[in-house]
Structure formats: C-alpha cells, structure tokens
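> What follows is the residue order along each chain.
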Amino acid sequence: MTDNPVVAPDPHPTVVPGPTPGLDGAGSSPTVDSGSSFAAGPGPTADPGSGAGPGATPGVPARIPTGDRNDEIQIYGLRKSFGQVEVLKGIDLTVHRGEVVCVIGPSGSGKSTLLRCVNVLEQPTAGRIFILNQEITHRDADVDAIRTLMGMVFQQFNLFPHLTALQNCTVAQTNVLKKPAAEAKEIALSNLAKVGLADRADAYPAQLSGGQQQRVAIARALAMDPELMLFDEPTSALDPELVGDVLGVMRQLAQEGMTMMVVTHEMAFAREVADRVIFMDDGQIVEQGAPDEVIGHPTHDRTRAFLRRVLDPTHIVAGQADPFDAAPPPSPHHPRFPSAD
Amino acid sequence: MAELLTQVPGDAPARKRMSPRKRALCFRLVQYAVLLAVVVLAVININGRQIQRVFFRLDLIDETVGVHLLTALKNTLAYTAGSFVLGLLLGTVLALMRLSQVRPYRWLATVYVEFFRGVPALVVLLAFSMLPMAFKGMKIPFEPYGAVWTALGMVVGAYMSETIRAGIQAVPKGQVEAARSLGMRSGMAMRKIVLPQAFRIVIPPLTNELIILTKDSSLVYVLGLTVSGFDLTKYGRDLSFKSANLTPLVTAGLCYLVITLPLTYLVRRLEARAKKER
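As you go down the protein sequences, you meet chains U and S in turn. Take the first sequence: its letters are residues 34 to 374, numbered as in our numbering. Take the second sequence: its letters are residues 42 to 319, numbered as in our numbering.
If you are wondering where the hints come from, they were derived from the structure by calculation, not from laboratory data. Worth double-checking, as some hints may not be accurate.
[As the list claims (entries may be wrong)] Estimated spans, in silico, between C-beta atoms of each pair:
1) U:274 with S:148: 49 to 57 Å
2) S:210 with U:274: 32 to 40 Å
3) U:229 with S:215: 20 to 28 Å
C-beta atoms are modelled at their ideal positions from N, C-alpha and C, and glycine is treated no differently.
Using the sequences and the hints given, assemble the complete structure.
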C-alpha cells in the first residue's frame with residue numbers, strides 16, 4: 034500500500050487507512066452507471082499505469098483524433114505561453130465520456146489555463162485539442178459551434194447581472210440555438226429546478242447568494258444541453274458554508290453520467306466524485322490516476338508536498354521550512370484531512 | 042485622554058495652549074463673523090430697487106413670457122434632444138471603432154475624437170451654418186434644426202464616445218467569456234451582454250453630458266435664425282437689446298434651470314442607485 038521509496042517518513046499512513054475504505058465505496062458508486070461506457074475506450078482506471086509513472090505521457094494514439102466518440106476531450110502537445118512565461122509545457126490528455134476528471138495542483142501550475150484552453154478562451158500557443166473529435170484549435174474551426182457542446186462554470190460565476198436567473202438560462206438558447214422562447218423557458222426552468230432554484234427564477238444575480246449564483250451558472254450551462262462540463266474552481270469564491278450546495282449539484286451531475294473536467298481545491302470532493310485525479314505542477318501533468326492513489330498515495334514528491342500543504346495547512350508556518358520535511362507530524366490526527374462528510 | 046493632553050510637559054509653560062476643541066470653535070466663530078460682515082456690507086451698499094429694475098422688471102417678465110418664451114423653450118429642447126440622439130449614435134459607433142480589432146478604425150476614431158474635442162463647438166456650429174453658403178445649392182434638411190443637430194451632435198458624439206468606451210471597458214472580462222463559452226459570437230456577446238451593461242454604467246455620466254449639451258445649445262444664438270427658430274438665449278438677448286434691460290435674458294436663463302435642475306437631481310439619484318448596486 035505504501036510503496037513510496039522516495040520519502041522516508043511518510044506522515045500519511047496514519048490517516049489513510051481510516052477514511053479510505055469508506056471513500057472507496059462512496060467514490061466508486063457514481064461511476065457504476067457510466068462504467069459501461071468506459072468499456073469502449075481505455076478506461077481511466079486502467080490509465081494510471083502509464084499516467085502515474087514519473088513524467089510519463091500517455092502514448093500518442095495511432096490516429097489523431099482517435100475517432101472514438103467516447104474520447105470527448107483529446108489534448109495533444111498543448112502549450113501555452115503568456116509573453117515569455119510558458120504556463121503549459123506540453124499537455125497530453127484524453128477525457129472519456131462520462132468520466133469525472135479533477136485537476137488539482139498549486140496556484141500558477143496552469144490548471145485553470147488548461148481548462149480555458151479546452152474551449153479556447155485562451156488561444157493555445159501550440160498543440161491540438163479535439164472536442165468530440167472536432168478540432169477546436171483548427172484555424173477554420175467554428176469555435177462558437179463547438180463551444181455549444183461544452184458548458185463552462187467560472188470561479189467568479191460570471192452571471193449576466195442585467196438578466197434574471199431565468200433569462201440568464203434562456204439568452205443563449207434563444208440567440209445561439211434559436212430555440213423558441215417558450216421552449217427555452219421550459220428548459221431553463223427545469224434546469225433551475227435541478228439546481229434547486231426554481232423559486233428564484235425571477236431574481237437578479239445581485240439578489241442571490243454566491244452559492245445560489247454559482248448554481249444558476251451551472252443551470253445556465255446545462256440549459257445548452259452540453260455534452261460535457263468544464264468547472265474552473267467553482268467553489269473557490271464561495272463562503273465555506275455555501276460550498277456544499279454547489280458541490281452537491283456537481284455530485285448529482287456526475288452521478289447522472291455527465292462528462293466533467295473540474296479544476297478544484299476541494300480534495301474531499303475530488304476523492305469522492307472523481308474517476309481520475311490529475312496533479313499538475315509547473316505546466317505539466319505530474320501524476321494522474323484514481324483519486325485514492327493520487328490523493329491517498331501520491332508517488333511524487335511534488336504531489337506529496339502539495340497535498341500536505343492543502344490538507345493540513347495549520348501545520349505550515351509561513352516563511353519557515355515545512356515541518357513535515359524534517360519530522361513526522363505533531364499530531365496523528367489531521368483535522369482537515371478529507372472525510373466522506 | 043484630555044488629562045493626558047493637559048499634562049504634556051510643554052516647552053513654553055508661560056503661554057497656555059488652547060485645546061484642539063477650543064481652537065476649532067474659535068475658527069468657526071471667525072468664519073461666522075466674516076460671513077456676517079459680508080452680508081451687512083451687501084445690505085448697506087446694494088440698492089435693492091435698482092437691482093429689481095435691471096434684472097427683474099415685472100412688466101418685462103410678463104412681456105418675455107408672452108407666447109414666444111414657450112416656443113424658445115421648445116426650440117432649446119429640440120436642439121438639445123436632436124443633438125443628443127445623434128451624438129449618442131455617433132458616440133456608440135466611435136466607441137466601438139476605438140475598441141475595434143481593425144487598426145485603421147481605431148486610428149480614424151481617435152483622430153475624430155481628438156479633433157472634435159479640441160475644437161470649440163462654436164467653430165463647428167459656425168462652419169455648419171456656412172456650409173450651404175460655401176457649396177452652392179447645398180441644403181441641410183430640417184432647417185434650421187438640421188445644421189444644429191449635426192454640428193452639436195458631432196461635437197458631443199466625440200465626448201460621449203469616450204464615456205461609452207469607458208463603460209464598455211468597465212464591463213468585466215468574465216462577462217464576455219461567459220457569453221462566448223455559451224457559444225455566442227463576439228458581435229452577439231457585445232449586443233446582448235456587454236452593451237446593455239455598459240449603458241447602465243454610463244447613464245449617469247451621459248445625463249451629465251445632456252445637461253452640458255442643454256447649456257451648449259445656447260451657442261445657436263450666433264446663427265442667423267428666424268424668430269420661429271430662436272432658442273432661449275437668442276430670444277432673451279433680443280428682447281434685452283430692445284428694452285435695454287436685463288430682465289428678459291435673466292428670465293430666459295432661469296428657464297435653463299427648469300431643464301437642468303431636474304436632470305441634476307436625476308443624475309444624483311442614478312449615481313446613488315449605481316453605488317448601491319455595486
């Protein structure tokens with residue numbers, strides 16, 4: 034279980050055995066219904082063999098794009114620079130139908146940029162991205178049309194403040210998909226009901242709490258009937274007590290088999306809901322695999338260091354050396370270690 | 042606190058220092074005294090009856106109000122409203138040009154804005170009034186409104202474009218990103234998402250622009266207008282000349298306040314509301 038040859042005193046074994054089995058059960062249940070769809074493509078759980086190796090990149094498929102409609106997002110050799118700074122240094126990644134991929138990593142590691150490149154809100158510097166086997170990075174691609182296949186949820190919600198919650202969910206339906214107003218309203222209302230906000234349909238964003246706003250934003254994206262959803266730190270701007278509602282909606286989406294790519298700091302959520310966790314650092318995918326492996330038993334030093342800081346920030350004193358680097362943790366019980374809730 | 046202050050070992054124990062509270066009180070008393078002195082001097086020196094005779098002669102007020110004051114007021118409103126609408130359209134186009142991806146559009150808009158902001162509105166107005174003279178047979182429609190609307194509209198459009206551009210840029214980038222992520226094309230995102238918010242932001246400054254324009258419409262007094270085209274200023278000035286008395290001009294001037302004061306109040310309300318929403 035703990036085959037970590039690199040770091041000698043591993044602080045984690047003390048905590049891991051407790052929550053892990055419980056999480057295992059809870060974490061795998063949502064994937065059961067979508068499990069059948071993995072059978073066609075290389076399942077994510079089969080992936081870690083190649084992904085977990087140090088600096089490994091999954092082998093480039095014989096055909097680009099693979100043509101397999103279960104490979105919803107295909108990213109090949111993605112690079113992105115802002116001026117002189119290279120933020121993404123060659124990313125290869127495939128997200129399969131029904132899969133929930135959580136991307137974790139320190140700030141500045143490029144995970145948000147990666148997500149924003151997927152629907153080319155950031156124009157990649159190099160590399161190719163395919164959405165349902167259509168190349169969105171192609172010069173002549175109808176980017177707007179391909180974007181309608183993806184719902185995007187932003188850290189800052191980005192609801193349209195001059196429109197009601199309902200109008201937020203209909204404006205793109207009527208204008209982009211050219212749906213009749215009545216039909217658009219019906220779809221919008223059903224999606225607002227899904228996120229538990231049917232009664233706030235006529236409220237303006239300013240009249241809603243942060244958590245409600247983010248749920249409206251999810252409903253807005255879902256109203257376009259997307260094939261997959263991208264979440265860019267959806268709970269990072271929320272007060273702690275409002276995070277649960279949003280994660281609840283996302284959990285429900287995952288259970289319904291929605292393909293999701295989630296950039297998040299919510300380790301408990303990633304552990305419970307994700308089919309695959311990707312750890313990014315310095316513009317590269319350092320480690321990926323099943324959540325219990327990446328979060329529970331990370332094989333890379335950088336992953337371990339990051340997880341220590343995220344999961345147990347109270348033991349780190351700013352400006353001082355990481356106490357974990359020198360000595361075992363002062364307390365065997367990590368108060369902030371993710372639990373199944 | 043006060044005890045502490047009084048016990049501070051002063052370097053000049055002989056002269057007792059005033060406490061800050063007493064000093065503030067003293068200063069305020071001085072201010073009241075100055076005000077009182079000015080008022081007393083004014084009351085003693087100003088001849089009230091003369092003032093009344095020069096600025097507020099009742100018979101002249103009566104004559105000024107007559108029938109034509111209303112016409113003049115209507116004309117001022119017409120000049121202002123027409124120029125404002127034209128300026129708004131022009132300003133929006135210029136703002137979009139300044140934010141355009143096409144570089145020559147940006148240059149053109151910049152040159153235009155800098156030119157018309159730097160040239161007196163009076164010069165532009167005069168130029169337009171003389172155009173038909175320079176080009177034989179040329180006629181500006183809606184005489185006499187057409188020339189005024191175009192001239193003032195072109196000037197005010199330059200100012201408004203800067204306001205509107207700032208408004209567009211004040212809409213957070215995330216709004217465009219959200220719109221684009223829903224599959225909207227950039228033009229649609231601008232029309233449906235950015236512009237409605239931008240105009241909400243710029244309504245208070247644009248109303249200020251309207252107030253300034255209302256007053257600037259008085260520049261048309263330089264044009265050779267017929268009585269039916271007189272604005273408030275021209276109308277009041279003509280009567281003042283005729284009667285060699287300022288009363289008509291003052292009356293006309295007060296009419297501007299009837300327009301501008303409610304607008305000023307409106308701006309204050311709008312600004313307060315905008316602050317609350319933020």
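> All the hints need checking, so say for each whether the structure fits it.
Hints, one by one, checked against the model:
For residue 274 of chain U and residue 148 of chain S, the Cβ-Cβ distance of about 53 Å falls inside the hinted range of 49 to 57 Å, so the restraint holds. Distance hint for residue 210 of chain S and residue 274 of chain U: a CB-CB separation of about 35 Å, consistent with the stated range 32 to 40 Å. Separation of residue 229 of chain U from residue 215 of chain S is about 24 Å and conforms to the stated range, judged on CB atoms against 20 to 28 Å.
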